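Asks: Each chain is listed here by its residues.
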Amino acid sequence: MEKILNRKEGKLLAERIAREADVKLHECYQCGKCSAGCPMADAMDLMPRQIVHLMQLGDMTEVMKSKSIWLCASCHTCVERCPHSIDIPTLMEKSRMEAQRRGICAVRDVRLFNDIFMETVRGFGKSQEVILEGAYNVTSGHFFQDMKNVPKMLQKEIVRPELNQVNAVNEVRDIMKECEKGGANR
Amino acid sequence: MARIGVFICHCGTNIAATVDVEAVAAAAREFPNVAFATTYKYMCSEPGQAMIKESIEDYNLDRIVIASCSPRMHELTFRKMLKGTKINPYMLEIANIREQCAWVHTDRAKATEKAIDHVKMAVAKVGKDKPLTTSTIPITKRALVIGGGIAGIQAALDIADAGFDVTIVEKEPSIGGHMVMLDKTFPTMDCSACISTPKMVDAGAHPNITLKTSCEVEKVEGYVGNFEVTIKEKAKYVNHDLCTGCGLCQTKCPTKVPSEFNQGIGTRPAIYIPFAQAVPSKPVIDPTCCLKLTKDKCGICEKVCPLQAINYKDETKYTTEKYGAIVVATGYELVDWAKMYPEYGGGKYADVITGLQFERLVNASGPTEGHIVRPSDGKEPKDVVIVKCVGSRDQNKGKSYCSRACCMYSAKHAHQILDKIPGSNVYIFYMDVRTPGKGYEEFYDNTRADGAQYIRGRVSKIFKEGDKLICKGEDTLLGKQVTVEADMVILATAMEPAANIADVAGKLGISIDSDRWVTEAHPKLRPVETQTGGVFLCGTCQGPKDIPDTVAQAGAAAAKVMALLNHDEMETSPMISSVDQTKCSGCGYCVEVCPYKAISLIQVPGRDGNRKVTKTVADVNSGLCQGCGCCAATCRTGCIDLKGYTNEQILKEVDALCQ
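For the protein sequence lines, the chains are D and H, in the order given. First residue of the first sequence: 1, per the numbering used here; consecutive thereafter. First residue of the second sequence: 1, per the numbering used here; consecutive thereafter.
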């Protein structure tokens, strides 16, 4: 197995992420209530519980290589039900950012969707569903994903064909720049 | 003509839901000699009892049958009730229509039929009941405590404080047991010796307590209130009346053998005081390694002793004393893991140690003065693996039970290592973490916060690679094999009863279970009593437990002893066996089967035709007999009857059922 980080580096990284997420990793006693209630668990390769356990062990390589960190929907059901209120979505998010930085991504589509979403916001100051959907379907190769829902969504005005631009595009870009800087520095 | 009353209990719906109680009452009214039969919701309740008493007066009853729960539950209740009436308390039969009928059946019609049969049998038997009276026996107001660990010390102190004489018999040269070997106690981290040695000193100095160290119980005769116990005092080879405990002898002794107190880490001389705070603080000679006693050489201790207290000709002594009550507090030992687990090195790696050895290693008065170092090379370990459930919860190689204290002391060991060795790593392999005690879960939480890494799974193999001990296990929470390179491994080994417990139990006539733990009279309601009257238990002889539970149990056992010794005499159950000595052939079969040693053969004058002869017959000691009935079942001539369960009564029951 290819190790991106050795145990000592992994331990330091896990500790840093836990600190940033305001989580005390040792508090997790592996009861599994998080995984039991996770709506995405079926699609995950490692249970949320196992992500926490790997972080306890300092095995960040396994964490960053997992699909789970990309599939977490950040619904916070796990945190809500956890006997120690361990903030798993934030642990997942921070691990995802670390993985992104190292160019590791176990679920390409999620990163693609994320990237396109960010680009449309950067371009128009607001999310543009039609462009997002179109660009994602074309670049991911899932050409007809969700296509049969389009007429209904248009009819119910959930999406609109016209662009939904904001005036202060530049200000939004500045905010995004600041946020990304902060995120990277944090 | 007997006048029998039959009282059928609904027990709420416990009985009434499955048994048609009214039908049972109607059937009972038809049985011979039944003068009255009725039902009631709760017979054991106060109004229920009042109703029975009234009926006895109103219908002039002279014996009663109560159809209700098991006699173990309420027979005594109803006997007490009868004490206030004109009926003798033993003119009562219980038909168990709850546990043996309502609770185990679903078919109402058949259950009712069976309940009627039960009542029919009880009615047949009660017709042959005879009034029985209790007798009294005097009580010797002294207690014997077997075992001088924390359980025995606590029980002895409590009994002695109540004003009774107590003797502690301890097989080792000092009292203190295992607790005084421990460094700190969870979860409060009290220094174990600091809290146990004052109790040892108290026990040694208490005017009501006699310490008998290096002693064992040789023989127990007699019965509750009147035990005659022979105590074997092993030769100490030092006259403790002369010895002042100056310790000069042990500094000069040339022999060095592994120290039992330090669990084989470190040595002791052949003449030794086991540890600094020993009570009594006087040495004994170990005859197995003393050069003078084994090879008739040396003799240095005799030469250096300023008081001529050494006596190489000392011999084993036996004394017999009377006691009213006995407390069994023989404690535990650790299993011999090396024989059970070759996969952990089977004892060939010096740095694979037990939890108790670690206690000595981390203790300031231990062989390393409290420095945690590897026994092999004296180096400080950085990576330590703790393996739990070694011998516990292992039906194949070890014991099936959980040893209860290991989860907590392992957490304590991890805490101590992380505290004393900066930068150290502790990996704890566990199957479950069990922390059922006040403040225990918090302690476990804190240990994890200290940095102890808990890995769920048993270690499969430990082997040496260079300087390291390689521990291979599975992280069952990840489903992956893990390998930890450790400098030292601590095994949390299972507790088992003292090696000679079967011997002690045999002498006392108490029972032990398949794991050799002493069996209590009732697991919930009589937890410190044994099946034998006057013999109580406390501490780890009954099962694995920690110090708080042991001390609590010792106090409970002491309370039971005090309740017994507080009386000048005690009532005995009249439901014991009696021998018709005119019919007895003196075969002695009953003597052999009696589990309480209550029957003996005696010589009585008899007649053979016109000749006066001496006859050998069985005789029952009413104090010892517990009314089990083995003798009655064994007797070839049928001359032994168990009062309250005579052969005639049993046969009447059978007749009633077979009619």
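Calculated from the structure, these hints are not laboratory results. One or more of the hints may lead you astray.
Unchecked claim - The list that follows gives simulated cross-link-like pairs (lysine-lysine, DSSO-like), each with its CA atoms no further than 30 Å apart:
1) K128(H) <-> K11(D)
2) K339(H) <-> K438(H)
3) K480(H) <-> K33(D)
4) K128(H) <-> K171(H)
5) K65(D) <-> K128(H)
6) K128(H) <-> K232(H)
7) K524(H) <-> K128(H)
8) K33(D) <-> K438(H)
9) K317(H) <-> K67(D)
Stated by the list, open to error - Under 7 Å between C-beta atoms, here's a sample of chain D residues computed to sit facing chain H:
10) N137
11) T139
12) S140
Just so you know, these numbers come straight off a predicted model, no measurement behind them. Beta carbons are placed, not taken as given, at the ideal position from N, Cα and C, and that holds for glycine.
Asks: Check whether the Cα positions of K480(H) and K33(D) lie no farther apart than 30 Å.
Replies: holds, 21 Å
Asks: Take the C-alpha atoms of K339(H) and K438(H), compute the straight-line distance between them, and say whether it is at most 30 Å.
Replies: It is violated: about 35 Å lies between the C-alpha atoms, which goes past 30 Å.
Asks: Would you check the hint for K524(H) and K128(H), treating anything up to 30 Å between C-alpha atoms as holding?
Replies: The hint is violated at about 35 Å.
Asks: Measure nothing beyond the straight line between the CA atoms of K128(H) and K171(H); if it is 30 Å or shorter, mark the hint as holding.
Replies: violated, 52 Å
Asks: Would you mind confirming whether the straight-line C-alpha gap from K128(H) to K232(H) stays at or under 30 Å?
Replies: Violated, at about 49 Å.
Asks: Take the C-alpha atoms of K65(D) and K128(H), compute the straight-line distance between them, and say whether it is at most 30 Å.
Replies: violated, 85 Å
Asks: What's the verdict on K317(H) and K67(D), does the C-alpha distance respect the 30 Å limit or exceed it?
Replies: Roughly 77 Å between the alpha carbons, so the hint for K317(H) and K67(D) is violated.
Asks: Does T139(D) hold up as a contact with chain H if the rule is Cβ-Cβ below 7 Å?
Replies: With Cβ-Cβ at 35 Å, over 7 Å, it is violated.
Asks: Against chain H, run the beta carbon of S140(D) and see if the smallest gap drops under 7 Å.
Replies: violated, 31 Å
Asks: Checking one constraint from the list: CA of K33(D) to CA of K438(H), max 30 Å. Satisfied?
Replies: Within the cut-off at roughly 25 Å; holds.
Asks: Take a quick look at whether K128(H) and K11(D) sit within 30 Å of each other, Cα to Cα.
Replies: At roughly 82 Å apart (the allowed maximum being 30 Å), K11(D) and K128(H) break the hint.
Asks: Take the shortest C-beta to C-beta distance between N137(D) and chain H; is it under 7 Å?
Replies: violated, 37 Å
This entry does not satisfy hints 1, 2, 4, 5, 6, 7, 9, 10, 11 and 12, going by the numbered hints stated previously.
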